[in-house]
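Protein chains: 4
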Amino acid sequence: MCGDPVIWKPSEKSPLCALMVQKICDRVVARFGDDAPDGLIQTVIGERETGEVLTASRDVAIVSATGSTRMGQAVSAAMARRFGRCILELGGNNAMIVSPSADVEMALRAIVFSAVGTAGQRCTSLRRLIVHQDIYQALIPRLKKAYSGLPIGDPLAEGSLIGPLIDRDAFDAMERALEIARADGGDIFGGGPALRNTYPDAAYVHPAIVEMPGQTEIVREETFAPILYVMKYSDLDAAIALQNDVPQGLSSCIFTTDVRESEYFLSAVGSDCGIANVNIGPSGAEIGGAFGGEKDTGGGRESRSDAWRGYMRRQTNTINYSRDLPLAQGIKFDI
Amino acid sequence: MCGDPVIWKPSEKSPLCALMVQKICDRVVARFGDDAPDGLIQTVIGERETGEVLTASRDVAIVSATGSTRMGQAVSAAMARRFGRCILELGGNNAMIVSPSADVEMALRAIVFSAVGTAGQRCTSLRRLIVHQDIYQALIPRLKKAYSGLPIGDPLAEGSLIGPLIDRDAFDAMERALEIARADGGDIFGGGPALRNTYPDAAYVHPAIVEMPGQTEIVREETFAPILYVMKYSDLDAAIALQNDVPQGLSSCIFTTDVRESEYFLSAVGSDCGIANVNIGPSGAEIGGAFGGEKDTGGGRESRSDAWRGYMRRQTNTINYSRDLPLAQGIKFDI
Amino acid sequence: MCGDPVIWKPSEKSPLCALMVQKICDRVVARFGDDAPDGLIQTVIGERETGEVLTASRDVAIVSATGSTRMGQAVSAAMARRFGRCILELGGNNAMIVSPSADVEMALRAIVFSAVGTAGQRCTSLRRLIVHQDIYQALIPRLKKAYSGLPIGDPLAEGSLIGPLIDRDAFDAMERALEIARADGGDIFGGGPALRNTYPDAAYVHPAIVEMPGQTEIVREETFAPILYVMKYSDLDAAIALQNDVPQGLSSCIFTTDVRESEYFLSAVGSDCGIANVNIGPSGAEIGGAFGGEKDTGGGRESRSDAWRGYMRRQTNTINYSRDLPLAQGIKFDI
Amino acid sequence: MCGDPVIWKPSEKSPLCALMVQKICDRVVARFGDDAPDGLIQTVIGERETGEVLTASRDVAIVSATGSTRMGQAVSAAMARRFGRCILELGGNNAMIVSPSADVEMALRAIVFSAVGTAGQRCTSLRRLIVHQDIYQALIPRLKKAYSGLPIGDPLAEGSLIGPLIDRDAFDAMERALEIARADGGDIFGGGPALRNTYPDAAYVHPAIVEMPGQTEIVREETFAPILYVMKYSDLDAAIALQNDVPQGLSSCIFTTDVRESEYFLSAVGSDCGIANVNIGPSGAEIGGAFGGEKDTGGGRESRSDAWRGYMRRQTNTINYSRDLPLAQGIKFDI
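Residue numbers (our numbering), protein chains in the order written: chain A, 37 to 371; chain B, 37 to 371; chain C, 37 to 371; chain D, 37 to 371.
The following block holds chain A by itself, in its conformation from the complex (with noise of 0.2 Å):
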């Protein structure tokens, strides 16, 4: 990365893809021969401990982390405390805005794709849908019909759009939210076990539309799972303050044909996130863009442009090279 050795550490809940891409990385390495050092990129696995080991080390100039939070604090704190550097990726809570303008499909797609995709276990997918009051009733009636026919199962399997979530406790961590919101005077459409007698020991659900009265203290909770929470607007500078209303900075997106909205919605006023798009889901086509959030999600910045910046020191050069000695602010000082 930039030159420097890398140690990855995958969560310990999902070690198999690190140790396949570790794989790949060792076959590259081994065609640098003499000119790549030995553990140029390992791959440790662990859990909480072997996190600390790393931020604890001297030796490791930076840590990129990706995850929770809290785990994100801990990280930053150790760090700051001997000046390390961090890259933080936390959590997100990622909205989408549907303006009365917008195209009704389009969004649509964008909609489903974004809160079911991966079983709602992206840190970009959608997890809050706020919606124009004139356009609501085109809208969440098609929404419900959509999850009702989504098809979930195997994740290899040709055609499943809804695999499991991770484990049990992501199970459990769904239930609680729901019923949460629940008593807060959400109107849930689907959630709930899927699949038990196929795969008794997965974790599938029914991905779940909330409408909400109001943005509640478990709305403005990242729950990494398929849970949609729907709420109204009526006016735009409501909807972008609810919109920046939570902890999290990742990810948002305005769905509308209105010029003087989408810009709006990208200008200082608009969005507080790291990521703002137009009219393309908050787990969108940004491949290429500087990717991270504000706020908690912690403020790093991974891929593309100054990405590098956070891996790389940065040294301020003069040279003089004249036979006079120039002193700072022009000072007159002869010996």
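In case anyone wonders, no lab produced these hints; they're calculated from the structure. Even glycine gets a Cβ: it sits at the ideal position worked out from N, Cα and C. Hints may contain errors.
Said to hold, decoys possible - Only pairs whose alpha carbons sit at most 27 Å apart, straight line, appear in this in silico DSS-like list of lysine-lysine:
hint	chain 1	residue 1	chain 2	residue 2
1	B	Lys268	B	Lys180
2	D	Lys181	D	Lys49
3	B	Lys368	A	Lys180
4	C	Lys59	C	Lys45
5	A	Lys268	A	Lys181
6	B	Lys49	B	Lys59
7	B	Lys181	B	Lys268
8	D	Lys180	C	Lys368
9	A	Lys368	B	Lys368
10	C	Lys368	D	Lys181
11	C	Lys180	C	Lys268
12	B	Lys368	A	Lys181
13	C	Lys181	D	Lys268
14	C	Lys49	C	Lys59
15	D	Lys45	D	Lys180
16	B	Lys45	A	Lys368
17	A	Lys45	A	Lys59
18	C	Lys45	C	Lys181
19	B	Lys45	B	Lys59
20	A	Lys180	A	Lys59
21	D	Lys368	C	Lys180
22	A	Lys59	A	Lys49
23	D	Lys59	D	Lys45
24	D	Lys59	D	Lys49
Unchecked claim - Sample of chain B residues facing chain C (criterion: CB under 7 Å; computed from the structure):
hint	residue
25	Arg178
26	Val295
27	Tyr357
Given chain A's structure and the hints, the job is docking chains B, C and D onto it.
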């Protein structure tokens, strides 16, 4: 600052300058009338607790802190807890390498200015001198001679080149450092109180040159006073290793006329500081370059290129103006 | 200009402004004393021959020329012969597309200002109006009404919005253009001399709106006078084709509230001009952006980003500070 | 090239290489199927008239031409007439300055490689050697010795370092240049035909070193053959003046270990070429830098940074998403 309002908390030891600047800012802000919100630029005077209020408040999105490493760690950890941003400019322990090919006259002037100017109380003051053995005898005796003739006195008086230390604590710290250096085998030239009779309440000192047998612990510390530790080298790589082997990473320089040495010093295997100069002192004329340092100096940058990045939010935008909806990573997801 | 000395040859029709500016420059240069060489900024007054002396002289490394396409061709060819550089800002034939979703009030104001301001004698004056058929009746009658009430008069007098043409030649060119347009089937509103009794020696005119059956030859020419050719469209691609189908490529704009239209207009298949605005006239508020145009406008850019490139030399440097000699393309060549 | 289709017209003297590359491109283009339009990359073989068709056609928006200054002038003037763009890379007359502090071994290798490699038929071939008088005797005799041992032969054969000139015209031009140089007082070492018996139809030559009493007219011309003119200097400013005093401005270099000399050479008062290297020949390892030259070399740049600017349109956009209409320069214009 980049459109952000500013609250300035100066060092509790030097509040008057801040208050003067505040007065100037008030006049400037007044010219903008209602376009400038109330309290756009404010000064608060206080000690550690005042600073803690600022770092604790979520309303303060970013803290740019200049001062000690200990303060920096506290600020950094406090900000990490709430994912606020820091721009830290902490301690420096700035060195100069003098190579055999150096222009001795030029080096001499640069050393004196940067070691004793503002009585060694500049973040970029020269604190360590790493001299090639072949030029040592040509340089050090002349340096001592130059020190002997330096006019110490009221900094507002014409002709004074060395004013007082900021307070008695600073004087004590200097005395203590010299004692330790002597115990470590250092050979001290100069040092000790000056102008005691004329200014009994002020902390005037004679600047000190300390020839050290090696880079002991006290040399690796920043003592905010006019102490210059001198060491010998015979090989450039060893000199660079010595220069880099301190916790701080603010400024550094080399005096050489050899382009192979100068570029090597500026290369990835050269100085690890945020500032590296050639034929110009560490408190050089780098105005216009990004200012700040690596390692325990805290990694922040103020002034010019890139500094604005510290003060601004970043947002990646994708605008889909087509009538199709591209999905992330080209995924197929038909509902 | 980027450290270069400047010789300014204003249009022979307007020397006084240049002479005034020269006086200001003289005062500025004088402040620098001996640091500013004699003749750093000079004004020369003259006709074509004077310009030819400048383009012929090898001492003039770069010519930035603003004026007619014919002049630009002559300058460009003369500079090409000696590999001098040009920055050309030649004719414009700026259009506005008004889409059905446009804010009509805003468009109206923008049209009037940019078509009749400075009596249509601005390089970025609006000369062509391409209006969607569905909004044509809502816009054109109101535009004519606005034209009827415009105060023509001494440009130094309070309240005047339209001053005179620069000379009788300009008046004749306007009359000739209107005649041709009428012969082409154009329906002319306004036009003709104004204030003849009050200012018998000046060339005041009534601004003209000409509804055209198509983009005939006269519409494709730049007539430096307040003539606005109006055409209808029904399909955005056709409107953009019309907008692009002139030799000049300076400025262009669209009035629309539809983000799909605005971004399409700004895309690679949209306007081919050097300036393209949305909801702002062609002589818009783009101060701060690079200024200039494509095609027969000459390709030059002044102001901001990139403009300095026109005025400066560029040099690629490689410093080899190793003790080895790398050869180009890794060639092996042992002697 | 930056999304533009390409028509390649190689030199009429070397069509085969272009045809081979075209075959490769055909294979690449084929992979894109219908996404790549027919004729995306084409090769045309022809002489001057073919080139004139390209420069005359308004369908060819930009011509990047490499070749002689005369050709460049013709292309440039033809493009100027229709405001087409050129990227010109014309003649070079590349020099090396060898300072007293130079690493002689390194300079020697660099001189031989860049003066005789590809038999002096590279745009960046070394043509002029400007040697400090104090190092002249240490360098020139060794250079002659190195020249004596260079293996001339079939460029495809292992061990050959010098192949033939491209044709008999090139041979005649070299002979003519050497004659003139001799008449100007030049002292010639080497030169003349080689391997005539083995390859009667080819134009093999012995590379020539010509010690000149000064920079006469023939030295200021580019002769595309392995002739190296050698001159002496005693003062760096004079050496740089000599280096700059030719019409061409492609590449240049200095061999020195003195940072004051190297940076001076790279400064605004140093080399006026588009490429300037330190301790690396003019046909150096600058791959990755912008490639091209100033003055009669034509000013164009290919490769990396900025080169894309030559191939692309530029557009300044302003989007007004407010409900107000700002006017240029804050003008008040109420209708």
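Status of each hint after checking the structure:
1. Distance restraint check for Lys268 (chain B) and Lys180 (chain B): the Cα-Cα separation of roughly 16 Å lies within the 27 Å cut-off, and the hinted pair is therefore satisfied.
2. Distance hint between Lys181 (chain D) and Lys49 (chain D) is unfulfilled; the C-alpha atoms sit about 33 Å from each other, more than 27 Å.
3. Proximity of Lys368 (chain B) to Lys180 (chain A) is assessed by CA-CA distance (about 21 Å); at most 27 Å being required, the pair is judged to hold.
4. For a cut-off of 27 Å, the pair hint linking Lys59 (chain C) to Lys45 (chain C) stands: about 15 Å separates their Cα positions.
5. Simply put, Lys268 (chain A) and Lys181 (chain A) have alpha-carbon atoms about 19 Å apart, close enough for the 27 Å limit, and the pair holds.
6. Under the criterion of a C-alpha separation no larger than 27 Å, the hint pairing Lys49 (chain B) with Lys59 (chain B) is consistent with the structure, at around 19 Å.
7. A distance of roughly 19 Å separates the Cα atoms of Lys181 (chain B) and Lys268 (chain B); the hinted pair therefore holds under the 27 Å criterion.
8. Between Lys180 (chain D) and Lys368 (chain C), the direct Cα distance comes to roughly 21 Å. Compliance with the 27 Å bound is thereby established for this hinted pair.
9. The suggested pairing of Lys368 (chain A) with Lys368 (chain B) is violated, with an alpha-carbon distance near 69 Å, which exceeds 27 Å.
10. A hinted pair counts as satisfied when its Cα atoms are at most 27 Å apart, and Lys368 (chain C) with Lys181 (chain D) qualifies at roughly 20 Å.
11. For the hint pairing Lys180 (chain C) with Lys268 (chain C), the CA-to-CA distance comes to about 16 Å; that is within 27 Å, so the pair holds.
12. Using a Cα cut-off of 27 Å, the hinted pair Lys368 (chain B) and Lys181 (chain A) holds, with the two alpha carbons roughly 20 Å apart.
13. Using a Cα cut-off of 27 Å, the hinted pair Lys181 (chain C) and Lys268 (chain D) is violated, with the two alpha carbons roughly 80 Å apart.
14. A distance of roughly 19 Å separates the Cα atoms of Lys49 (chain C) and Lys59 (chain C); the hinted pair therefore holds under the 27 Å criterion.
15. The straight-line distance between the Cα atoms of Lys45 (chain D) and Lys180 (chain D) is roughly 39 Å, outside the 27 Å bound, and the hint therefore fails.
16. Taking the CA atoms of Lys45 (chain B) and Lys368 (chain A), the gap is near 30 Å; set against the 27 Å cutoff, the hint is violated.
17. Under the criterion of a C-alpha separation no larger than 27 Å, the hint pairing Lys45 (chain A) with Lys59 (chain A) is consistent with the structure, at around 15 Å.
18. With a C-alpha separation of about 41 Å, the suggested pairing of Lys45 (chain C) with Lys181 (chain C) is violated against the 27 Å cut-off.
19. With a C-alpha separation of about 15 Å, the suggested pair Lys45 (chain B) and Lys59 (chain B) falls inside the 27 Å cut-off, and the hint holds.
20. At most 27 Å may separate the alpha-carbon atoms for a hinted pair to count; Lys180 (chain A) and Lys59 (chain A) exceed this at roughly 43 Å.
21. This hinted pair checks out: Lys368 (chain D) and Lys180 (chain C) have alpha carbons roughly 21 Å apart, not beyond 27 Å.
22. Between Lys59 (chain A) and Lys49 (chain A), the direct Cα distance comes to roughly 19 Å. Compliance with the 27 Å bound is thereby established for this hinted pair.
23. In summary, the hint linking Lys59 (chain D) to Lys45 (chain D) is supported, as the alpha carbons are separated by about 14 Å, within the 27 Å threshold.
24. Between Lys59 (chain D) and Lys49 (chain D) the CA atoms are separated by roughly 19 Å; this keeps the pair inside 27 Å, and the hint holds.
25. Look at Arg178 (chain B): its Cβ only gets to about 30 Å from chain C, farther than 7 Å, so that hint breaks.
26. For Val295 (chain B), the suggested interface contact is upheld, since its CB lies about 6 Å from the closest CB of chain C, less than 7 Å.
27. Hint status for Tyr357 (chain B) relative to chain C: holds, with the closest Cβ pair at about 3 Å, below 7 Å.
In this structure, the earlier hints numbered 2, 9, 13, 15, 16, 18, 20 and 25 are contradicted, and the remaining ones agree with it.
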